[in-house]
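Participant: Top to bottom, those sequences are chains S and B.
In my numbering, each residue's number is its place in the first sequence (first place is 1) plus 96.
In my numbering, each residue's number is its place in the second sequence (first place is 1) plus 5.
It is worth saying that the hints were derived from the structure and are not from the lab.
Any given hint could turn out to be false.
Restraint-style ranges between C-beta atoms, simulated for each label pair [what the hints assert, rightly or not]:
1. S:Phe106 to B:Gln50: 28 to 36 Å
2. B:Ser19 to S:Val193: 35 to 43 Å
3. S:Asp122 to B:Lys76: 39 to 47 Å
4. B:Ala117 to S:Thr182: 43 to 51 Å
5. S:Thr116 to B:Gly58: 37 to 45 Å
6. S:Thr116 to B:Ala21: 44 to 52 Å
7. S:Pro104 to B:Arg112: 19 to 27 Å
8. S:Val193 to B:Gly46: 27 to 35 Å
9. S:Leu210 to B:Gly46: 40 to 48 Å
10. B:Ser19 to S:Met115: 37 to 45 Å
Virtual Cβ for every residue (Gly too), placed ideally from N, Cα, C.
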Amino acid sequence: NAGVTQTPKFQVLKTGQSMTLQCAQDMNHEYMSWYRQDPGMGLRLIHYSVGAGITDQGEVPNGYNVSRSTTEDFPLRLLSAAPSQTSVYFCASSPGVAYDWIEYFGAGTRLSVL
Amino acid sequence: AQSVSQHNHHVILSEAASLELGCNYSYGGTVNLFWYVQYPGQHLQLLLKYFSGDPLVKGIKGFEAEFIKSKFSFNLRKPSVQWSDTAEYFCAVNAGGFKTIFGAGTRLFVKA
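Model the full assembly from the supplied sequences, consistent with the hints where possible.
Facilitator: Laid out in C-alpha cells, this is it:
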C-alpha cells in the first residue's frame, strides 16, 4: 500500500514550457486534490476532484488544468509555465465524510520555473 | 469566506519548554478542525482532529488541542517539546464538503 505517489520529486522548467505533475493513490479514495505551498501562505487549493470524471476549481486555479479519468490518477498540467508557478506542489486524497475528511498527502513536487 | 489565521510564523523553543500554537478561524457554522505537521523533508501528516464531542482532543506524540467555540480557536499544545518536534505545523478547517482551508503554517524550531 503506497498511499499517494507523486512524480517527479523535482523539476526545473523554462518559462513557457508545459509539463504534467503525476499523482496516483491506491487507497480507492473518491476525493483528490492539488495544493501549492508557498512560504508564508500555507497550502492553497488549486483544483480538486470528487470522483472520476468530476473536477472543480479551488482557490488558485489559473494556469493549471486537471482531469480525472480514473479513481487512482489525478494529473496536474501546467500549459505554459510562469515564474509565479515556482512552488512546492502537493497532491492529496481523502476517503471523504465517512472518515472525517482526513487528507493523505504525497511527498510533493518541487518546481522551479526560470 | 472561510479563513484560518495562525498567530506565529516562527517559534523557537528549548527542549522541555511548553508549546502553544494559536489558530483562529472565521466561520460561523459547524466545522471540522485539524492540525497537520510537516517534518523536515517529509510530507504533511495528520497530527490530530476535532469533529465533535470533547473539545480537548489528543493526537500523536503527546500533542493536544482545545476547541473553544466561543473564541473560534483551536490551539495546539504540548507540555514538553523535544528536538524531534522541529517541524512546520498547519491548522486547517473544513466546513463541510471537500474543501479544507489551511493556515499559513508555523515553523517550530526546538533547540537541543
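Participant: Take the hints in turn and mark each one as holding or not.
Facilitator: To see whether the hints hold, each was checked on the structure:
Look at S:Phe106 against B:Gln50: about 21 Å separates their beta carbons, and that is not inside 28 to 36 Å. B:Ser19 and S:Val193 have their C-beta atoms about 41 Å apart, which keeps the hinted 35 to 43 Å range intact. Against the hinted window of 39 to 47 Å, the Cβ-Cβ separation of S:Asp122 and B:Lys76 comes to about 40 Å, which satisfies the hint. In this structure, B:Ala117 and S:Thr182 break the distance hint of 43 to 51 Å, their C-beta atoms being roughly 33 Å apart.
Judged by the Cβ atoms, the range 37 to 45 Å given for S:Thr116 and B:Gly58 holds: they are separated by roughly 43 Å. For the pair S:Thr116 and B:Ala21, the beta carbons lie near 47 Å from each other, so the given range of 44 to 52 Å is met. Separation of S:Pro104 from B:Arg112 is about 26 Å and conforms to the stated range, judged on CB atoms against 19 to 27 Å. The hint said 27 to 35 Å for the Cβ distance between S:Val193 and B:Gly46, and at roughly 32 Å that hint holds.
In this structure, S:Leu210 and B:Gly46 break the distance hint of 40 to 48 Å, their C-beta atoms being roughly 24 Å apart. Range check, B:Ser19 to S:Met115: Cβ separation about 44 Å, and the 37 to 45 Å hint holds.
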